[in-house]
Every structure is written in C-alpha cells, then in structure tokens.
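Chemist: Here is how the chains run, residue by residue.
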Amino acid sequence: MKIDLTDTKSSKINKALVQGRRAIGTPAVGMVLTLVIVTDEENQYDALRAADEASREHPSRKLVVVKRVSRSARDRSKARLDAEVRVGADAGTGETIVLRLYGDVVDHAQSVVLPLLLPDAPVVVWWPANAPANPAKDALGRLAQRRVTDTHAAENPTEELTVRADAYTPGDTDLAWTRITPWRSMLAAALDQVDCAVTSVEVEGEQHNPSCELLAMWLANRLNVPVKRAVSAGPGLTAVRMQTDCGPVNLHRADGSLATLSVEGQPDRAVALKRRETSELIAEELRRLDPDDIYASALRFGVDRLGDSAAPSAAASGGGGTATATATKNATGKASSS
Amino acid sequence: MTATHGANPLRDAADRRLPRIAGPSGLVIFGVTGDLSRKKLMPAIYDLANRGLLPPGFSLVGFARREWKDEDFAQEVHDAVKEHARTPFREEVWQQLIQGMRFVQGDFGDDDAFENLRATIADLDKSQGTSGNFAFYLSVPPKFFPQVVQQLKKHGLADQRDGSWRRAVIEKPFGHDLASAKELNKVVHEVFPSHEVFRIDHYLGKETVQNILALRFANSLFEPIWNRSYVDHVQITMAEDIGIGGRAGYYDGIGAARDVIQNHLLQLLALTAMEEPASFDADALVAEKTKVLGAVRLPRDLGEGTVRGQYAAGWQGGEKAVGYLQEDGIDSKSKTDTYAAVKLEIDNRRWAGVPFYLRTGKRLGRRVTEIALVFQRAPHSPFDHTSTQELGQNALVIRVQPDEGVTMRFGSKVPGTSMEVRDVSMDFAYGESFTESSPEAYERLILDVLLGDSNLFPRLEEVELSWKILDPIEEYWEKHGKPAQYESGTWGPVEADEMLARDGRSWRRP
Numbered sequence: 001m002k003i004d005l006t007d008t009k010s011s012k013i014n015k016a017l018v019q020g021r022r023a024i025g026t027p028a029v030g031m032v033l034t035l036v037i038v039t040d041e042e043n044q045y046d047a048l049r050a051a052d053e054a055s056r057e058h059p060s061r062k063l064v065v066v067k068r069v070s071r072s073a074r075d076r077s078k079a080r081l082d083a084e085v086r087v088g089a090d091a092g093t094g095e096t097i098v099l100r101l102y103g104d105v106v107d108h109a110q111s112v113v114l115p116l117l118l119p120d121a122p123v124v125v126w127w128p129a130n131a132p133a134n135p136a137k138d139a140l141g142r143l144a145q146r147r148v149t150d151t152h153a154a155e156n157p158t159e160e161l162t163v164r165a166d167a168y169t170p171g172d173t174d175l176a177w178t179r180i181t182p183w184r185s186m187l188a189a190a191l192d193q194v195d196c197a198v199t200s201v202e203v204e205g206e207q208h209n210p211s212c213e214l215l216a217m218w219l220a221n222r223l224n225v226p227v228k229r230a231v232s233a234g235p236g237l238t239a240v241r242m243q244t245d246c247g248p249v250n251l252h253r254a255d256g257s258l259a260t261l262s263v264e265g266q267p268d269r270a271v272a273l274k275r276r277e278t279s280e281l282i283a284e285e286l287r288r289l290d291p292d293d294i295y296a297s298a299l300r301f302g303v304d305r306l307g308d309s310a311a312p313s314a315a316a317s318g319g320g321g322t323a324t325a326t327a328t329k330n331a332t333g334k335a336s337s338s
Numbered sequence: 339m340t341a342t343h344g345a346n347p348l349r350d351a352a353d354r355r356l357p358r359i360a361g362p363s364g365l366v367i368f369g370v371t372g373d374l375s376r377k378k379l380m381p382a383i384y385d386l387a388n389r390g391l392l393p394p395g396f397s398l399v400g401f402a403r404r405e406w407k408d409e410d411f412a413q414e415v416h417d418a419v420k421e422h423a424r425t426p427f428r429e430e431v432w433q434q435l436i437q438g439m440r441f442v443q444g445d446f447g448d449d450d451a452f453e454n455l456r457a458t459i460a461d462l463d464k465s466q467g468t469s470g471n472f473a474f475y476l477s478v479p480p481k482f483f484p485q486v487v488q489q490l491k492k493h494g495l496a497d498q499r500d501g502s503w504r505r506a507v508i509e510k511p512f513g514h515d516l517a518s519a520k521e522l523n524k525v526v527h528e529v530f531p532s533h534e535v536f537r538i539d540h541y542l543g544k545e546t547v548q549n550i551l552a553l554r555f556a557n558s559l560f561e562p563i564w565n566r567s568y569v570d571h572v573q574i575t576m577a578e579d580i581g582i583g584g585r586a587g588y589y590d591g592i593g594a595a596r597d598v599i600q601n602h603l604l605q606l607l608a609l610t611a612m613e614e615p616a617s618f619d620a621d622a623l624v625a626e627k628t629k630v631l632g633a634v635r636l637p638r639d640l641g642e643g644t645v646r647g648q649y650a651a652g653w654q655g656g657e658k659a660v661g662y663l664q665e666d667g668i669d670s671k672s673k674t675d676t677y678a679a680v681k682l683e684i685d686n687r688r689w690a691g692v693p694f695y696l697r698t699g700k701r702l703g704r705r706v707t708e709i710a711l712v713f714q715r716a717p718h719s720p721f722d723h724t725s726t727q728e729l730g731q732n733a734l735v736i737r738v739q740p741d742e743g744v745t746m747r748f749g750s751k752v753p754g755t756s757m758e759v760r761d762v763s764m765d766f767a768y769g770e771s772f773t774e775s776s777p778e779a780y781e782r783l784i785l786d787v788l789l790g791d792s793n794l795f796p797r798l799e800e801v802e803l804s805w806k807i808l809d810p811i812e813e814y815w816e817k818h819g820k821p822a823q824y825e826s827g828t829w830g831p832v833e834a835d836e837m838l839a840r841d842g843r844s845w846r847r848p
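In order, the protein sequence lines correspond to chains L and Y. Residue numbering for the first sequence follows this note's numbering, starting at 1 and increasing by one per position. Residue numbering for the second sequence follows this note's numbering, starting at 339 and increasing by one per position.
Computed cross-link-like contacts, DSSO-like style, restricted to lysine-lysine with a CA-CA straight-line distance of at most 27 Å: (1) K377(Y) / K407(Y); (2) K274(L) / K420(Y); (3) K481(Y) / K491(Y); (4) K12(L) / K78(L); (5) K481(Y) / K510(Y); (6) K751(Y) / K15(L); (7) K671(Y) / K820(Y); (8) K274(L) / K377(Y).
Have a look at the derived ranges for each label pair, beta carbon to beta carbon: (9) P248(L) / S558(Y): 46 to 54 Å; (10) I24(L) / F618(Y): 34 to 42 Å; (11) I24(L) / F748(Y): 20 to 28 Å; (12) I24(L) / D761(Y): 21 to 29 Å; (13) D75(L) / I563(Y): 58 to 66 Å; (14) K78(L) / D761(Y): 47 to 55 Å.
These are computed hints drawn from the structure, not numbers from a lab. Values in this document were obtained by computation on a predicted structure and should not be read as measured data. Each residue gets a CB set at the ideal place from its N, CA and C atoms; glycine is no exception.
Work the whole structure out from these sequences, hints included.
Modeler: Quick look at the structure:
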C-alpha cells in the first residue's frame, strides 16, 4: 500500500509507516539494514527497482532521497518535504520511503533521514550517480557504515578513480569494483590450476570503463608485475592476458556473456561471465558491510602507474613512468629471489 | 617464484568477495534417471554454475541403463534444470555446462560399460581439463552399492594418481542396523579411503541447520540458558503430510525410525546438545558430535519411552487418504512404523535429567521440521494464578523447514486495565526474507564434495553410534506388540500423547 504525504516531516512519516503496517496486518519483518539512495528524479526509478530486487536477499528499509531542482528564487527560499510511504507488496521486501526535497532542505537531507533510520541496524548510502567527492565527509555519508559510489556513471571515470583513491575512507566501495568480482574469481581460479609465476599482464576493455582500470590495478597490486591497459570496442571488459613463465593464461570475452579460458597445455574452456544487473551488484555489495581492504589497496595503486599498451612505457608521463619501472623492478626482484 | 596451491597471489583471506570455486573436477552420477537426480542434483549443479562456483571445464557424466546418447542426456538435464532450478535459466551458463556432459549406458554388472566410463573420464581429462578429479555419486538403492563400488575398483576408477582425487558420495540409508552399516562401510572403505567418502544427509546442508551453530556459539544470549538449569525438555519433530507414495518397496520393513530418526533427527539432536567445538573444522565438529551421541541413554522401559504407529485411513488437508496397510504393495499384516516417537536422555553435566523427545511420521497434520527448547516455568510468580493461567512455558523454536526461522515464545501483558499475561511470539523471519536467495542444501553439499570439505557430512563413527542408539528400540519393537493406528492428517497416535502426559508434558502443535 502507498501513503502520500505532502509538505510533511519525519515524525509524520514514521506515523504513516506504523499506520501502513497495521493496515496490511503484518508487523515489520526482520529488516537487516537501512539503504539510503541519494539520487535525482531521473535515476530514481531504476535505482529503486534494483534495490527492491536486492531486498529479497537483504530485507531493508529503503530511503530514497530525491533532491529536486528549484527553478525560481522564490522556490529556492521555501523548503518543502514530500514523502511517499510504501509497505507490503509495493516495497519489495521491507519498506520504502521516497523523500522529495525542495528548496533549502536539500542541503539538510540528513535531518530528514536520521529519524527514519532503523534502530541499531547498519546504514548503507548509495549514490547511483553524482556521488560527492568525499563520501565519508558528506552529511548523509557520515550516517553510514558503508558508502557505495559508482565511478561508471562519472563524466570522466579515470579521473574519478583518482578522486576516490584520495578520499578513500574504510567503508567506501564502488560498483565498478563490484562488477569485476566474477572476473577476479575466475582469474584466481585459473591461477589455482597452474604452477607458474605471472610475469606480465594486459587488461583489455572499452574506453571510459573504470572496471578495466580497477581490475588492472588489482592485478598489478597483487602480482607485482607490469600491467598494461588496452582499449577495445567492448562490451565492458573483453580480455585479460597473463604471461607466465610457463606460457600464456588468457581469459577472453567478446560478447559480454560467454568467455573462454585458455591455459597453455590445457584445452580451452568455456566460462559463463555474464555482465550483471544492478540489483545483483547491490545484493553483493550488501552482503558484507565491513571495510573492503582489497578494494582499498587496488584503488590506491593509482591509475597513473598502469602502463598503456598503445604507447611504449617510455612515452608515459614522468611520475607514471617511474612508478611502472618500480613495479617492474619489484617483480624482477621477486622472480630472482626464488 | 613458483606459485603453488594455497600461495596464489590473487587469493587473500581478506578478499571475501571471491567465492570458493571448486578446482578442476567432474561428477559421475550413477542412477541418473532417478527422481533425486532430476529434481535435486541436476538443478543444484546448474545453480552452482550459475553462481559461478563451478570450475571452468566442469564435467557431468550420467550412468544409467537407459539407451541415451549424450544429446538425449543433455536434453534431460536441460528439462530438469528448467523445471526445478532455483535460479533463472541463462543460455551462456548452459553453454558452459553442456560442453562437459557425457552419458554412459550400461548395467552395474556390465564390464564394458565401466571400461567405457573409464575412457570417457580419460577423454574429459583431455578435452575439458578435469585433471583426473572425479566424484562418484551413488544415487542408487543401497543393495547396488557393493557392486558399483567393486566395479569402480576393478576398472581402476577409484585409483587416485599423484595430486588428483577420487571421491564417493553416498545417500542414506546407511544400512538398516549397526551390523549392516558396518558391512556397508567396509565395502566402501575398502575402495575409497575414509576421508574421500561423503555421506549425504541433506538436512545438514540446510541453512537453518547450519544456523543452529551460529545461534548457539556466535551469541552470548542463548548459551547461558542452554542447559538443565533452564531447559525443561527438548522436542525435535520432523513431520510429513504425504504417505509413502510409490516407495512401498523401499519403505516397508524400514520404517520411520530407521528412515528419519537414525540420521536426520539424531544429527539435529547432536547439533542442539553438543558442547562448543574447539574450531569449526570437520574433526573438531565430529569430536563433539560423537561425544554427545555417545552419551545418549535410552529409556529404561522401552515400552514406556517409545511409541510407534501406522497411519490409518482419514482425511489429510482436505484429501481422502488411505491407510498404510491399504497402500499398494504393502502387506496387510505389515508391522512397519510410519510414526515413531522416542524419549532419549543425555548423560552429561549439561543435560542430565532433560528429556529429548524425538518424533517423526508420515501423513501428519502438516509438513514441518523444528527443534523446540521448552524452558522451565518461572520459579516464583508475583502475579496471581488467574492472571497467568494463559501463560505457557517459554520456548525457543528453531524452524528448520518450511518457513525457516527462529521463534521465541514468552509471556506479555495484555493491554488493558487488568494484569493478564498471555503467550506471544517473537519471530526471526529467516524464511520470509532470505530463502529466495539462499542456496538449496544439495548445492552446498555438492560444492563441499568438490572442495573436499567434510564439515557437513556425517562420519562413519556418527553413523555407527546412531545405529547403536536405534538398534535396541527396533529389537524391542520386533518382539513386542504392533504399531498403534492413527488417523491420517492428525498429529500421531494417542499413545504418543500419553507418553508425554506420563511426564506431565505435552507435544507442541508445530
């Protein structure tokens, strides 16, 4: 059922929630977290639909904070809060409150959200687009244990990765990182099966896809070898080519769904690596709410330390070139120590 | 630097997004045309692949008498997956699976068929890179176990070569008494080493059963009252609403106690009653479970402390049901129990004097499995008798299936001007919210077999101890009386109610 409230406040919304629950005759189910979605009117629908899907695995209270743009000076000076309370079948599993903020209150969204958080349960904030530069310092971000951004939606994803790295605070995470979990797990499984040391890696994918950079940085950080980033037409990531001291290990995906794993001396194998829906990404993101240290160290490796396969490494900019050289030296050092 | 197993630089214990993927391997299913295989195993394998938990090149080999080609087998799996899988059907996952699907036609006595199987496995090692790692799932009636196992040995299929493994997976029943269980174990262990034999008790793969351990040992709230000082008694129930269906041949002569109490209920008892294991690894768990199973004591008078019954004609959930003795293929003089209830005690410091009532039956009120700890009444009540007369005993109920979750029952004041206390429930609604995405028991268990993780599989010792508990009861029943009749669709024979009434207690209505 839906209850619409215009020009309202948090205490009235809380009352409407209780009223809604009574009306449908069920008490609150064991909701495990509050998910705050900060978005604009344009992204609101898709984001909420993904969150509803994900709530089947993580029953939650979803607070959608929609910041409305006021066009006239008169509108801007007037603060107003409208709310739509959804319980029961209209709200996935759990409860949904869509909050529309007008005027001054846009800058004080935390005052609306704070009284509506579930007691004790963890809080996750998700910005489907336009995430603040420093999520942990954001007024809403400060309420949360977990702050989910999506560099994929940024104007310049590669630059955005650097911004994220600079502002990283434990509890930050990014959907561009979540997207590559299947790739990471398949690559780890591939290395489980061979007894060889990796000497260099190339990650290939479409341009402006920060997942490619993140995967490359993760590999560089873990393997301590030079990693190049190559550009292809996509969709998404298309290949990871690892050179090892006993031949190449390649994971290749041309069509965005079925990949081929080829390992020297072993038959080629088909691997399902489907690009996932946002709802699956959010569900994975909500599974663990502790800091993701692996993400932190991959992110902090730095985009500028990745080699560019189109240009020889000498052409790379000063700082980047040195860093790549360091990484290479480390790798050599490690190889010779065995 | 050579990357060896376990030293994979891409793996890190802190990286908890990466799932446990099984290494290169394949699964051979004997009796692949059976119900279990179609309804549970094939869908579970697909669901595992869909969740990205199977290794690239994973192979599935079906072995049965039917005259199928690989394509027919693949079609059969395809249909089974479409109908029964938990996760949505996705073409690319299917494409990954279908490349490793083979079918071997033959009888269990047929040497050529097993040679053929060996060639198929060798071929899969080459074309799919399964590296010689294969698990053999014996989804066949136990009378064929010795033959299949011997054939596997004879044709060198059970031989593990350097670095590779061969495992055997067997389903209940693990024998029908202690002697036959020992015999069966001997047959299997002759060919497969004990740590490569996986006994499936699908109850242990259920999320709610694993949650018993989390509930008890990850919280500080429950453990202090989990003992004889606070618990009055424990009831473990597994009820089915169906009759024996088409399983007359299997069921008659086995009965409810052997079919359910020996494995599922005694495992639930062990998990509920055991002490905290030193760690969560298989050896530590089995040590605690065997300790508590070893401390189980039977009632002194088996006639007073056990009840068995047979369902009689009646109405179950709005449908007319025939009695057990009228079922097709059942001897009208059969003494097989379709209902069994036993009272067990555990002789240790934690549980002395706390009875554990176990019951199971077919054609009962509804399908439900639960563990209920019923607590003692408050030693003193400041309220007068009338205000608390509706108050029952506090209880903590672990609902294993369906509607998984945990319920706590306690007294609460009824709103109003008078002081009146009535029972209310506090619910942890696992079932309502988590089940849609939580894996099926078989998914978890098959994955564990491929990973070689034996936490959730009962060991030889546990099976033998369980038979030691059940054998005297079965012997007593053999010599004394016959099963009580109970109307289908009710909660069992009156004798069972009387058994609890003698102790001043009553069964919960689950």
